[in-house]
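Undergrad: First to last, the protein sequences are chains L and C.
So in the working numbering, the last spot in the first sequence is 246, and the numbers never skip.
So in the working numbering, the last spot in the second sequence is 400, and the numbers never skip.
Each hint should be verified, as a subset may be incorrect.
What the hints assert, rightly or not - Chain C residues, not near chain L, derived (Cβ > 12 Å throughout): (1) 101; (2) 116; (3) 127; (4) 133; (5) 152; (6) 166; (7) 168; (8) 184; (9) 195; (10) 336; (11) 382; (12) 391; (13) 399.
As the list claims (entries may be wrong) - Calculated cross-link-like contacts (lysine to any residue; reagent style SDA-like; alpha-carbon spacing at most 20 Å): (14) L:240 - C:114; (15) L:240 - C:92; (16) C:92 - L:100; (17) L:211 - C:187; (18) L:204 - C:106; (19) L:240 - C:116; (20) L:204 - C:310; (21) L:170 - C:396; (22) L:135 - C:108; (23) L:101 - C:396.
Calculated from the structure, these hints are not laboratory results.
Even glycine gets a Cβ: it sits at the ideal position worked out from N, Cα and C.
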Amino acid sequence: MVKSNNKIGLEIEYDDNLLNELFEIALVHYPNEIGGYLLGKYSENKKTAIIVKQITALEYLNSPVSFKHIVNEETKNVFVKLFEGEGIHYLGEWHTHPNSNSRYSQTDFKALKKIAKGDIENPILLIVGFDKKGIKDYSFNVFFNKEVYKYE
Amino acid sequence: MSFNKADYLGSVLETHKMKHINNLFDKFKEKRKEIKEKLEGKYEEKIYAPFNSGSYAKHTAINSKFDLDLAVPFKRNSFSTIEEMFNDVFEFLKEEYNDLAYVRKQKVSIGVEFYRDTDGDIIQIDVVPGRELSKDAYPEEYYLNININTYDGTYTQTNIQAQIENIKGKQDARQIIRLLKIWKCQKNKDFKSFFMELIVIKAFDNKIISGNLWEKLKIVLEYIKDEITRENFSLKDPGNSSNDIAKTLDSYQKNSLKNDFQNILDNVELNEENLKNYFKENEKFKEVESESKNLYRVNNSSSVIIPPSNQFG
């Protein structure tokens, strides 16, 4: 699946199974939020972010309305291994909103801003709004020029 | 592809956003900070904390024409008259920026216009000194007396905080205010931005304004053209209810504004693309929005990327 934002001219590409996988993880942690990292690579022309896989956070604190991950040594080692072995790297984040929609919060915005000060300037944020019956809606967003844009 | 008025107006707003001039704007903020610190150093306990006012504080700024404002609330006992306060601040800034800027008295503010810098930019900061009405009243009420720079030393009461509050949360109204400021700037119209701001807010208070951006603008233009020349039409200053901002326009100016807006409505009705004659995109930044030069940016692609620990909501 490819989604894009015409205003900024960037795209993302991902496998439909990604959302099924995330829903299964979301149910395990229900009614709390859960999240993790999106990994993959950028296309040659740097216009498309290709999401290859996700990693659920290894260390975290969560509640029905919040999710905090801690990037510990074990997590860092996973990133190193995937980079060296499969050539894929961190592209952004995902997390769930149990019993809610997929709109990003102010906390999410601040988190993206923090990430953008590091090695990648345009982190992707996938939010999955769901309940026990299934995914209600989801949104892929990207932080670009200090604003958040949604992929359609 | 057919012309979409709402999309076009969206692009007009987008290309006039302040984000396109971040570097220049940082220079403005730096200068304002510098002036603020100088004033705090000079007047110490005579003033309360200076604060940002004007269009940027109200989120109605446009990138084609703007300045930054700094309001300086003086304590009641600082000066015996409002005019003395105004002149003292003027003399101080003039002395401080003698070789660096052109400092001049304006109607209610002191303009500090820095000489063109090496990038060719001119930075202008307007300083608005005001004195609280009675001792210790400012932190409670935020009312200030500000000087009106005329030969007879008059002053007026205002409440800049109330003016900023008045527009808070009014996202839809702010979009229309910005569009009308763009029109005013492009057509060199002589109306005060504050007048535009109040009349748009009044339109939103009195009409049901919904739909897309063009539909909203159209309702506001119709409201203004229908109401502006009515005898009893008034615009109360949220900072001072006895100030009628509608009176800042004489009847010729009101009729002229009515005709201008009637012309816009008629000509757009005739041909939608005529909208472009009244609201132009900022060409300098148009390309940035439509171009496909944007890329995902990576600062270090040769080594592994480790994200920071983070909190989400």
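Undergrad: Now, for every hint given, state plainly whether the structure supports it.
TA: Right, here's what the structure says about each hint:
With a least beta-carbon separation of about 8 Å from chain L, residue 101 (chain C) fails to lie farther than 12 Å from that chain, contradicting its non-interface assignment. Against chain L, the non-interface label of residue 116 (chain C) holds: every CB pair exceeds 12 Å, the least being about 15 Å. Every C-beta of chain L lies more than 12 Å from that of residue 127 (chain C), the closest at about 29 Å, which supports listing it as non-interface. Taking the minimum C-beta to C-beta distance to chain L, about 37 Å, the non-interface status of residue 133 (chain C) holds against the 12 Å cut.
Residue-level check passed: residue 152 (chain C) sits 22 Å from the nearest beta carbon of chain L, beyond 12 Å. Every CB of chain L lies more than 12 Å from the CB of residue 166 (chain C), the least distance being 41 Å, so the non-interface label holds. Separation of residue 168 (chain C) from chain L is adequate, the least Cβ-Cβ distance of about 45 Å exceeding the 12 Å criterion. The Cβ of residue 184 (chain C) sits about 31 Å from the closest Cβ of chain L, beyond the 12 Å cut-off, so the non-interface label holds.
Annotated as non-interface, residue 195 (chain C) keeps its C-beta farther than 12 Å from every C-beta of chain L; the closest such distance is 33 Å. The beta carbon of residue 336 (chain C) sits about 37 Å from the closest Cβ of chain L, which is more than 12 Å, so the claim that it is off the interface holds. The claim that residue 382 (chain C) lies off the interface is violated: its Cβ sits roughly 4 Å from the closest Cβ of chain L, which falls inside the 12 Å cut-off. For residue 391 (chain C), the requirement that its beta carbon stay farther than 12 Å from each beta carbon of chain L is not met, with the minimum near 4 Å.
In this structure residue 399 (chain C) is not separated from chain L by more than 12 Å, as the shortest Cβ-Cβ distance comes to only about 5 Å. For the hint linking residue 240 (chain L) to residue 114 (chain C), the alpha-carbon distance of about 18 Å falls within 20 Å, and the restraint holds. For the hint linking residue 240 (chain L) to residue 92 (chain C), the alpha-carbon distance of about 27 Å lies beyond 20 Å, and the restraint is violated. Between the alpha carbons of residue 92 (chain C) and residue 100 (chain L) the distance comes to roughly 18 Å, so the proposed pair stays at or under 20 Å and holds.
The suggested pairing of residue 211 (chain L) with residue 187 (chain C) is violated, with an alpha-carbon distance near 35 Å, which exceeds 20 Å. Under the criterion of a C-alpha separation no larger than 20 Å, the hint pairing residue 204 (chain L) with residue 106 (chain C) is consistent with the structure, at around 18 Å. Using a Cα cut-off of 20 Å, the hinted pair residue 240 (chain L) and residue 116 (chain C) holds, with the two alpha carbons roughly 18 Å apart. For the hint linking residue 204 (chain L) to residue 310 (chain C), the alpha-carbon distance of about 40 Å lies beyond 20 Å, and the restraint is violated.
For the given pair, residue 170 (chain L) sits about 11 Å from residue 396 (chain C) by alpha-carbon distance, which is consistent with the 20 Å threshold. In summary, the hint linking residue 135 (chain L) to residue 108 (chain C) is not supported, as the alpha carbons are separated by about 31 Å, beyond the 20 Å threshold. Distance check on the hinted pair: residue 101 (chain L) and residue 396 (chain C) sit about 30 Å apart at the alpha-carbon level, beyond 20 Å; violated.
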